[in-house]
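Peer 1: So the sequences go chain by chain: D and V.
Here the first sequence is numbered in numbering that gives the first Met the number 0, starting from 0 and rising by one per residue.
Here the second sequence is numbered in numbering that gives the first Met the number 0, starting from 0 and rising by one per residue.
If you're looking for bench data, these hints aren't it; they were derived computationally from the structure.
What you are looking at is a predicted structure, and each value in this text was computed from that prediction instead of being measured.
Computed from the model, here is a short list of chain D residues facing chain V with C-beta under 7 Å:
(1) Ile12
(2) Val22
(3) Ile97
(4) Ile107
(5) Val111
(6) Ser112
(7) Met115
(8) Leu116
(9) Phe198
(10) Phe217
Glycine included, every Cβ here is placed at the ideal spot set by N, Cα and C.
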Amino acid sequence: MKKLLQRVYLFMILLFLYAPIIVLIVYSFNESKSRAVWQGFSLTWYQQLFSDSKILNALETTLLIALVASIIATFLGTFAALGIIKMKKKTFETVRTITYIPVLNPDIVTGVSLMMLFAFIGIELGFVSMLLAHITFCTPYVIISVLPKLYQTDISVYEAAQDLGATPFYALRKTIIPQLMPGIVTGFLLSFTLSVDDFVISYFTTGGHVENLSMIVFSMARKGVNPKINAVSTLLFITVMALLLIVNKRELSSKKRVSKNKETLLNIEK
Amino acid sequence: MSKRRFSFPYLIWMSIFIVVPLLLIIFYAFTDNSTGKIVFTLEHIKAIFEPLYLKVIGRSLFMSLIATVVCFILGYPAAMILANKDFAKKSTMLILIVLPMWMNFLLRTYSWLSLLENEGLINRFLVSIGIGQVQLMYNNFAVVLGMVYNFLPFMILPIYSVLVKIDKNVIEAAKDLGANNAKVFGRVIFPLSMPGVISGITMTFMPALSTFVISRLLSGGKITLIGNIIEQQFTITGDWGLGSALSLLLMVLIFVSMIFINKYGDESVGAGGLL
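The shape of chain D in the complex, shown without the other chains (with noise of 0.2 Å):
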């Protein structure tokens, strides 16, 4: 009785989750515009969505700010971690501090303060100012996502490698890359994922010059339902769910390598 008790509350809970959910995406495959009655099933949002061509140009905006910026934020990310992690104990604390505060303050603080800076140094609102904050915000990620594999590295190798006659790079390369490659793909996923994600930082460093996905659904929305929107969304939640799969999936797979490793180690140990 109990256990049957646990288990209808838990479904009510995952109910309230999911339910809008469904109905948003279920209603996107309604063949009426109106959303109290059910027509049948029919693909007319999805084409009209193709044919839009607002829609269109901010989905290629979305989607370019997501690669570059979370392409430039992993590089910058990745260094940044390497170099870090070399520091004083206490600048090291005053940079990680500094890192966190994007990832800590509310978006729209965030958002605005990059607002007045751009206008500060003189940048326009548009695409150039949307992507500058999408690389400030992704790169903590992608430091937070490297800097835990960075401990785990063995640095010795990379000293042994230039022993050898490597050149710093070269060596960086092939001994302590390859190991950080999991946080690092990682965070490049992780970047792209919240750079698609992004509302309240790209409104406010874009002045309404450039417009992404979450911008549109945010200016239709403001005029209550409409089932181009539930087309949009459902194609963005696929593209989200599909992209975390991946990540959960290399966090898993690279989790079963490090404890196969541990096993061979310990039999050699043997």
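Based on the hints, put chain V in the right spot on chain D.
Peer 2: Just chain V, lined up with the frame of chain D:
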């Protein structure tokens, strides 16, 4: 060779895009240049305490508090059920609870519109069972609901990750010493779960306090929270001084709650909730 210089590009980036913007918030919050000259002023800080804004701050605090309490009441039992060692399919359930967190919060908020609107599913259900149409959208209820919906997983996860780590021997010991279930919960389990509860409360309360999207969409612009005022200052009114002062207020609130968390919580809890 020191590898320290690898971080130089980032350090420069960090200074320009993280440190300078923060300094700008402080600068605009404490200066005035309406006369053409930049002078130090406390006017913007004082403005926060005008009845008009005080009312908005009060409303924001009140609504986020209600949302946090509801999240706690709904979330704690859910976390307890999940943490129970007899509960099968634990990892599947956890993934199911985390998944919506990764969906764009704008979409999560928007998706409620199709349920709450006058011709939405809930109202059609209410009409069909004879209660009749109820105004669910564009009011306080809708905004609090939106907050609870968006942040409930942030409450469940930290509490779960603490509960699951509690040493079962402690509970056994309490039972052996004659405590009944209520006493075990009140004197052992609940106090031990406090770090999770505190980080859950912060992770729900802070985003609820600073939101402007949830209130804008679900109240149709009728209900104004701190976030909406900040947004207006930067997009419509152009009063950066007041906007910065309010942003500073939000940051101070975050800072205070971080100190609180560091005092009572442990780091792993926060991180566990984040990813």
